[in-house]
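J.: For reference, the chains in residue letters:
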Amino acid sequence: RKEVEQDPGPFNVPEGATVAFNCTYSNSASQSFFWYRQDCRKEPKLLMSVYSSGNEDGRFTAQLNRASQYISLLIRDSKLSDSATYLCVVPYSGTYKYIFGTGTRLKVLA
Amino acid sequence: SQTIHQWPATLVQPVGSPLSLECTVEGTSNPNLYWYRQAAGRGLQLLFYSVGIGQISSEVPQNLSASRPQDRQFILSSKKLLLSDSGFYLCAWNPGGTDTQYFGPGTRLTVL
Chain P
1 RKEVEQDPGP
11 FNVPEGATVA
21 FNCTYSNSAS
31 QSFFWYRQDC
41 RKEPKLLMSV
51 YSSGNEDGRF
61 TAQLNRASQY
71 ISLLIRDSKL
81 SDSATYLCVV
91 PYSGTYKYIF
101 GTGTRLKVLA
Chain D
1 SQTIHQWPAT
11 LVQPVGSPLS
21 LECTVEGTSN
31 PNLYWYRQAA
41 GRGLQLLFYS
51 VGIGQISSEV
61 PQNLSASRPQ
71 DRQFILSSKK
81 LLLSDSGFYL
91 CAWNPGGTDT
101 QYFGPGTRLT
111 VL
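First to last, the protein sequences are chains P and D. Residue numbering for the first sequence follows our numbering, starting at 1 and increasing by one per position. Residue numbering for the second sequence follows our numbering, starting at 1 and increasing by one per position.
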């Protein structure tokens with residue numbers, strides 16, 4: 001099992017739709033989790049951090065399920081500008097390293 | 001405010017030539033610094049990280065090296081580039097004591 005696993009997609013959704021992606025992680029000791037957004041040929045940018053059960057920021061909600069070892073990202077009322085790759089990142093417990101998922105690609109269609 | 005700079009933004013180099021990529025962070029002290037590489041259509045691969053001046057941890061044995069001559073400066077080097085070194089090189093930092101990473105704008109390297 002990969003340390004951090006994401007469905008690569010693409011998820012093609014119409015504008016205004018609600019879409020959710022999951023990210024599974026293998027290290028049960030992980031305490032913090034991050035979602036980054038990466039546009040084509042650009043650097044990843046922090047979208048949300050998750051330290052306990054979840055986090056919400058406008059149209060974006062991140063949830064943590066420790067029992068099943070996954071985090072999810074929910075995007076409501078999708079905009080064309082939400083089209084990007086969403087990376088799940090988990091700090092490697094007890095080290096200074098981070099484990100990155102390969103990303104989930106989202107395309108919001110007009 | 002805290003910012004991270006990388007240069008150059010793009011680079012085209014012949015096989016066998018040397019490489020030097022620079023990353024600097026402003027507005028903070030004693031950051032943890034990281035070099036990642038992202039090949040086309042792939043995930044991020046950690047190359048090096050540093051938690052202090054002169055301290056480098058290597059994750060991938062290859063023809064790259066890293067140095068941290070100053071607190072907020074991180075340099076990625078190679079003596080002889082290979083075709084497989086092509087990719088998008090990203091520098092990242094996080095404030096000491098926190099685990100949120102922030103990325104620089106990246107350097108897109110093409111080795112021909």
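Be careful, since some hints might not be right.
What the hints assert, rightly or not - Residues from chain D that face chain P, not an exhaustive set, calculated with beta carbons under 8 Å:
id: 1; residue: 7
id: 2; residue: 27
id: 3; residue: 29
id: 4; residue: 44
id: 5; residue: 47
id: 6; residue: 51
id: 7; residue: 54
id: 8; residue: 55
id: 9; residue: 71
id: 10; residue: 101
id: 11; residue: 103
id: 12; residue: 104
It should be emphasised that the hints constitute simulated quantities derived from the structure, not laboratory data. We put the beta carbon where it would ideally sit given N, CA and C, even for glycine.
J.: Among the hints numbered above, which are violated by the structure, and what are their numbers in rising order?
T.: Numbers 1, 2, 3, 5, 7, 8, 9, in rising order.
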